[in-house]
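A.B. asks: Sequence:
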Amino acid sequence: MEIAATIAYVKQELACAEAGHDWFHVERVYKTAQHIAQYENVDVLVVKLAALLHDIADSKFNNGDEEIGPTKAGDFLRSLHVTENVVLHVQQIIRNMSFKNSFDAPTFSSPEMQVVQDADRLDAMGAIGIARAFTYGGFKNRELYNPAIPPKTSQTKQDYKNTQAPTINHFYEKLLLLKDGMNTPTGKKIAIQRHQFMLAYLEQFYAEWEGER
Numbered sequence: 000m001e002i003a004a005t006i007a008y009v010k011q012e013l014a015c016a017e018a019g020h021d022w023f024h025v026e027r028v029y030k031t032a033q034h035i036a037q038y039e040n041v042d043v044l045v046v047k048l049a050a051l052l053h054d055i056a057d058s059k060f061n062n063g064d065e066e067i068g069p070t071k072a073g074d075f076l077r078s079l080h081v082t083e084n085v086v087l088h089v090q091q092i093i094r095n096m097s098f099k100n101s102f103d104a105p106t107f108s109s110p111e112m113q114v115v116q117d118a119d120r121l122d123a124m125g126a127i128g129i130a131r132a133f134t135y136g137g138f139k140n141r142e143l144y145n146p147a148i149p150p151k152t153s154q155t156k157q158d159y160k161n162t163q164a165p166t167i168n169h170f171y172e173k174l175l176l177l178k179d180g181m182n183t184p185t186g187k188k189i190a191i192q193r194h195q196f197m198l199a200y201l202e203q204f205y206a207e208w209e210g211e212r
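According to numbering that gives the first Met the number 0, the residues represented by the sequence shown are 0 to 212, in order.
Keep in mind that the hints were calculated from the coordinates and are not lab data.
Every residue, glycine too, gets a C-beta built ideally from N, C-alpha and C.
Don't take each hint at face value.
Pairwise CB distance ranges, derived in the manner of DEER restraints [what the hints assert, rightly or not]: (1) Phe-23 <-> Glu-207: 25 to 31 Å; (2) Ser-78 <-> Asp-179: 23 to 29 Å; (3) Gly-137 <-> Lys-10: 21 to 27 Å; (4) Glu-26 <-> Pro-146: 35 to 41 Å; (5) Lys-30 <-> Gln-154: 17 to 23 Å; (6) Glu-26 <-> Glu-211: 35 to 41 Å.
Taking lysine-lysine and the DSSO-like style, the derived pairs with C-alpha atoms no more than 30 Å apart in a straight line are [claimed, not checked]: (7) Lys-30 <-> Lys-188; (8) Lys-178 <-> Lys-151; (9) Lys-139 <-> Lys-30; (10) Lys-99 <-> Lys-151; (11) Lys-188 <-> Lys-151; (12) Lys-30 <-> Lys-71; (13) Lys-30 <-> Lys-178; (14) Lys-10 <-> Lys-99; (15) Lys-139 <-> Lys-99; (16) Lys-99 <-> Lys-71; (17) Lys-30 <-> Lys-10; (18) Lys-188 <-> Lys-71; (19) Lys-30 <-> Lys-187; (20) Lys-139 <-> Lys-71; (21) Lys-71 <-> Lys-10; (22) Lys-188 <-> Lys-178; (23) Lys-178 <-> Lys-99; (24) Lys-30 <-> Lys-99; (25) Lys-10 <-> Lys-139; (26) Lys-151 <-> Lys-187; (27) Lys-187 <-> Lys-99; (28) Lys-139 <-> Lys-178; (29) Lys-139 <-> Lys-151.
Construct the entire structure; sequences and hints are all you get.
C.D. replies: Structure (structure tokens):
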């Protein structure tokens, strides 16, 4: 009952979302998280709810407010009378799982968060990760690539949140870093193939940029 109600709620809330952070993104993360959870000792209800609600109010679409997501998720789950320990766990996962939080010292982790985080990061990799990166770049009207603007290999959390850099830079500032940040054996295995796909894509991109292929 909680899952069906949550799916309906998320679909409604994200009906007009940017295409890289819409219901289909959530659905992919939800499916991947369940796949990874099969091999981990986790509370599957927490994994499912956190995967479904992790982007219910992404801070980058809400003036940088990092508490609006956990708050909305908590209010919704309490309306379903989900037990408070599950609500608080889901809120902590949403609050701490984003890549931008990797710039800070960790304040929370759990096996459930590791599963959902891996699933979310996998959706930022490979063919779909590339598509999502350029979709968001288009949404923000960013350049595809500008050879005069090199990637920042050393960033702060604020640098990452405020960047206006070309989309190709995002590969070096996030996407290619994800493989080494995976938590679970299953996540790590999937990430290797998706990472290699991104490297091959970049090789092709630069060759086409120079008119060589």
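A.B. asks: Next, verify each hint and record whether it holds.
C.D. replies: Each hint, compared with the structure:
1. Phe-23 <-> Glu-207: 25 to 31 Å: holds (28 Å)
2. Ser-78 <-> Asp-179: 23 to 29 Å: Check failed, 39 Å falls outside 23 to 29 Å.
3. Gly-137 <-> Lys-10: 21 to 27 Å: Holds, at about 23 Å.
4. Glu-26 <-> Pro-146: 35 to 41 Å: holds (37 Å)
5. Lys-30 <-> Gln-154: 17 to 23 Å: violated (31 Å)
6. Glu-26 <-> Glu-211: 35 to 41 Å: holds (38 Å)
7. Lys-30 <-> Lys-188: holds (16 Å)
8. Lys-178 <-> Lys-151: holds (18 Å)
9. Lys-139 <-> Lys-30: Holds, because 28 Å separates the two Cα atoms, which is no more than 30 Å.
10. Lys-99 <-> Lys-151: Measuring from Cα to Cα gives roughly 15 Å; hence the hint holds.
11. Lys-188 <-> Lys-151: holds (27 Å)
12. Lys-30 <-> Lys-71: holds (22 Å)
13. Lys-30 <-> Lys-178: holds (19 Å)
14. Lys-10 <-> Lys-99: holds (25 Å)
15. Lys-139 <-> Lys-99: The given pair, whose Cα atoms are some 18 Å apart, holds under the 30 Å limit.
16. Lys-99 <-> Lys-71: Holds, because 20 Å separates the two Cα atoms, which is no more than 30 Å.
17. Lys-30 <-> Lys-10: With a Cα-Cα distance of about 15 Å, the restraint between Lys-30 and Lys-10 holds, given a limit of 30 Å.
18. Lys-188 <-> Lys-71: violated (33 Å)
19. Lys-30 <-> Lys-187: Holds: Lys-30 and Lys-187 sit about 16 Å apart, inside 30 Å.
20. Lys-139 <-> Lys-71: Holds, because 25 Å separates the two Cα atoms, which is no more than 30 Å.
21. Lys-71 <-> Lys-10: Given pair Lys-71, Lys-10 holds - Cα atoms ~14 Å apart, limit 30 Å.
22. Lys-188 <-> Lys-178: At roughly 9 Å apart (the allowed maximum being 30 Å), Lys-178 and Lys-188 satisfy the hint.
23. Lys-178 <-> Lys-99: With Cα atoms ~15 Å apart, Lys-178 and Lys-99 stay inside 30 Å; holds.
24. Lys-30 <-> Lys-99: Cα-Cα ~23 Å, so holds.
25. Lys-10 <-> Lys-139: holds (23 Å)
26. Lys-151 <-> Lys-187: holds (25 Å)
27. Lys-187 <-> Lys-99: holds (20 Å)
28. Lys-139 <-> Lys-178: holds (26 Å)
29. Lys-139 <-> Lys-151: Measuring from Cα to Cα gives roughly 19 Å; hence the hint holds.
Violated hints for the displayed structure, listed by number in ascending order: 2, 5 and 18.
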